[in-house]
Amino acid sequence: MKSLIIVSPKAVNKKMLSEVTKKLEENFVVVGFKLEKLDINNLAKKKKEEKIDKKEIEEGLNVPCAMIVIEGNKSIEFGKKLRSDLGNDIVHVSENEEVARYEIERFFKKEELFEHKVVGEKVFE
Amino acid sequence: MILMIERTLLIVKPDGVQRGLTGDILKRFEGVGLKIIGMKMVWVNEEFAARHYSDIKERRGEKVFHGVMGLLTMGPVVAVVLEGVDAVATVRKICGPTEPKAAMPGTIRGDYAHVSFAYSDLVGEAIRNIVHASGTREEAKTEITLWFKAEELHDYPSVHEIHTLHHKASEIKNMKSYKPEGSVD
Chain A
1 MKSLIIVSPK
11 AVNKKMLSEV
21 TKKLEENFVV
31 VGFKLEKLDI
41 NNLAKKKKEE
51 KIDKKEIEEG
61 LNVPCAMIVI
71 EGNKSIEFGK
81 KLRSDLGNDI
91 VHVSENEEVA
101 RYEIERFFKK
111 EELFEHKVVG
121 EKVFE
Chain B
1 MILMIERTLL
11 IVKPDGVQRG
21 LTGDILKRFE
31 GVGLKIIGMK
41 MVWVNEEFAA
51 RHYSDIKERR
61 GEKVFHGVMG
71 LLTMGPVVAV
81 VLEGVDAVAT
91 VRKICGPTEP
101 KAAMPGTIRG
111 DYAHVSFAYS
121 DLVGEAIRNI
131 VHASGTREEA
141 KTEITLWFKA
151 EELHDYPSVH
161 EIHTLHHKAS
171 EIKNMKSYKP
181 EGSVD
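If you read the protein sequences in the order shown, they are chains A and B.
Numbered per this note's numbering, the first sequence finishes at 125, counting up by one with no gaps.
Numbered per this note's numbering, the second sequence finishes at 185, counting up by one with no gaps.
No lab work stands behind these hints, which were simulated from the structure alone.
Ideal Cβ placement from N, Cα and C applies to all residues, glycine included.
Check before you lean on any hint, since a few could be wrong.
[Unchecked claim] Only pairs whose alpha carbons sit at most 30 Å apart, straight line, appear in this in silico DSSO-like list of lysine-lysine: (1) Lys37(A) x Lys15(A); (2) Lys117(A) x Lys63(B); (3) Lys93(B) x Lys22(A); (4) Lys57(B) x Lys14(A); (5) Lys93(B) x Lys110(A); (6) Lys22(A) x Lys57(B); (7) Lys57(B) x Lys10(A); (8) Lys117(A) x Lys23(A); (9) Lys10(A) x Lys80(A); (10) Lys109(A) x Lys57(B); (11) Lys80(A) x Lys110(A); (12) Lys149(B) x Lys57(B); (13) Lys15(A) x Lys110(A); (14) Lys74(A) x Lys15(A); (15) Lys23(A) x Lys63(B); (16) Lys109(A) x Lys15(A); (17) Lys110(A) x Lys57(B).
[To be verified] So, partial list: chain B residues that the calculated Cβ filter (under 10 Å) puts toward chain A: (18) Leu26; (19) Glu58; (20) Glu62; (21) Phe65; (22) Gly70.
[Claimed, not checked] Some chain B residues close to chain A (C-beta under 10 Å, calculated; not the full set): (23) Arg28; (24) Ile37; (25) Trp43; (26) Ala126.
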């Protein structure tokens with residue numbers, strides 16, 4: 001099962017990207033990974049009902065975030081655990097399977113995701 | 001001061017990605033205050049790898065060329081553009097020399113690999129040394145242009161710069177006004 005983890009601009013700025021990456025690759029196969037600035041207009045549209053401070057968001061979005069797609073058993077649950085450990089201003093995680101599918105499709109093109117194998121528990125498969 | 005700021009390309013090669021070393025490797029660069037301004041996972045084909053290693057055939061011969069081509073294309077890699085003072089040399093220092101056997105502990109190759117050229121020659125494989133890093137400013141510029149589009153690189157102010165680069169707060173706010181060496185755009 002795939003899940004999307006977004007490492008927030010704040011976390012990138014705090015040099016926490018390596019820490020989050022390490023936790024993810026220890027437990028899952030990273031199948032998509034990129035640094036990207038979020039588009040303020042896109043976000044504002046999505047959040048138009050909510051009162052958001054556009055200036056504050058613009059400042060935050062000046063820094064890119066990292067988007068990581070992980071694949072493996074219980075990737076959603078792991079994401080939520082990570083969020084409760086680090087804080088929801090550090091990582092965004094997919095809420096459930098359906099949302100994960102939507103988010104991954106939204107942020108990643110097909111050719112940016114890679115089916116591959118990493119070193120696992122077994123020596124021979 | 002700003003003229004010394006360079007950009008360079010680092011690639012976590014498939015052996016590094018498959019061993020789950022990407023986070024550990026990034027940590028070293030984040031730690032010294034180099035800025036990650038571009039990053040993506042990508043699985044390159046033979047044609048792309050041949051462009052990346054275009055000078056290897058001349059310098060090291062056909063056999064080495066095919067070896068390194070095979071290693072680069074055997075799985076996805078994580079390509080990273082790093083920016084900082086003398087970034088090219090700094091990143092090479094952190095990676096250690098090409099042959100892991102010769103790499104000092106504390107470097108990426110010294111910490112995560114140990115094999116020698118003699119051994120890899122014996123088994124007939126190119127040396128698995130986890131990372132690639134540009135060797136010179138010119139190489140960095142060529143390689144960054146090859147691997148990244150201009151819109152995939154991001155200028156941004158970092159909260160650490162006051163300390164890691166002695167940037168004044170006002171300079172950080174005006175960062176868009178300079179283009180470091182190796183800028184693609």
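Okay, the hints, checked on the actual structure:
{"no.": "1", "hint": "Lys37(A) x Lys15(A)", "verdict": "16 Å, holds"}
{"no.": "2", "hint": "Lys117(A) x Lys63(B)", "verdict": "27 Å, holds"}
{"no.": "3", "hint": "Lys93(B) x Lys22(A)", "verdict": "22 Å, holds"}
{"no.": "4", "hint": "Lys57(B) x Lys14(A)", "verdict": "42 Å, violated"}
{"no.": "5", "hint": "Lys93(B) x Lys110(A)", "verdict": "36 Å, violated"}
{"no.": "6", "hint": "Lys22(A) x Lys57(B)", "verdict": "35 Å, violated"}
{"no.": "7", "hint": "Lys57(B) x Lys10(A)", "verdict": "44 Å, violated"}
{"no.": "8", "hint": "Lys117(A) x Lys23(A)", "verdict": "17 Å, holds"}
{"no.": "9", "hint": "Lys10(A) x Lys80(A)", "verdict": "18 Å, holds"}
{"no.": "10", "hint": "Lys109(A) x Lys57(B)", "verdict": "34 Å, violated"}
{"no.": "11", "hint": "Lys80(A) x Lys110(A)", "verdict": "25 Å, holds"}
{"no.": "12", "hint": "Lys149(B) x Lys57(B)", "verdict": "26 Å, holds"}
{"no.": "13", "hint": "Lys15(A) x Lys110(A)", "verdict": "29 Å, holds"}
{"no.": "14", "hint": "Lys74(A) x Lys15(A)", "verdict": "27 Å, holds"}
{"no.": "15", "hint": "Lys23(A) x Lys63(B)", "verdict": "38 Å, violated"}
{"no.": "16", "hint": "Lys109(A) x Lys15(A)", "verdict": "27 Å, holds"}
{"no.": "17", "hint": "Lys110(A) x Lys57(B)", "verdict": "33 Å, violated"}
{"no.": "18", "hint": "Leu26", "verdict": "4 Å, holds"}
{"no.": "19", "hint": "Glu58", "verdict": "31 Å, violated"}
{"no.": "20", "hint": "Glu62", "verdict": "28 Å, violated"}
{"no.": "21", "hint": "Phe65", "verdict": "24 Å, violated"}
{"no.": "22", "hint": "Gly70", "verdict": "15 Å, violated"}
{"no.": "23", "hint": "Arg28", "verdict": "8 Å, holds"}
{"no.": "24", "hint": "Ile37", "verdict": "8 Å, holds"}
{"no.": "25", "hint": "Trp43", "verdict": "5 Å, holds"}
{"no.": "26", "hint": "Ala126", "verdict": "19 Å, violated"}
Violated hints for the displayed structure, listed by number in ascending order: 4, 5, 6, 7, 10, 15, 17, 19, 20, 21, 22 and 26.
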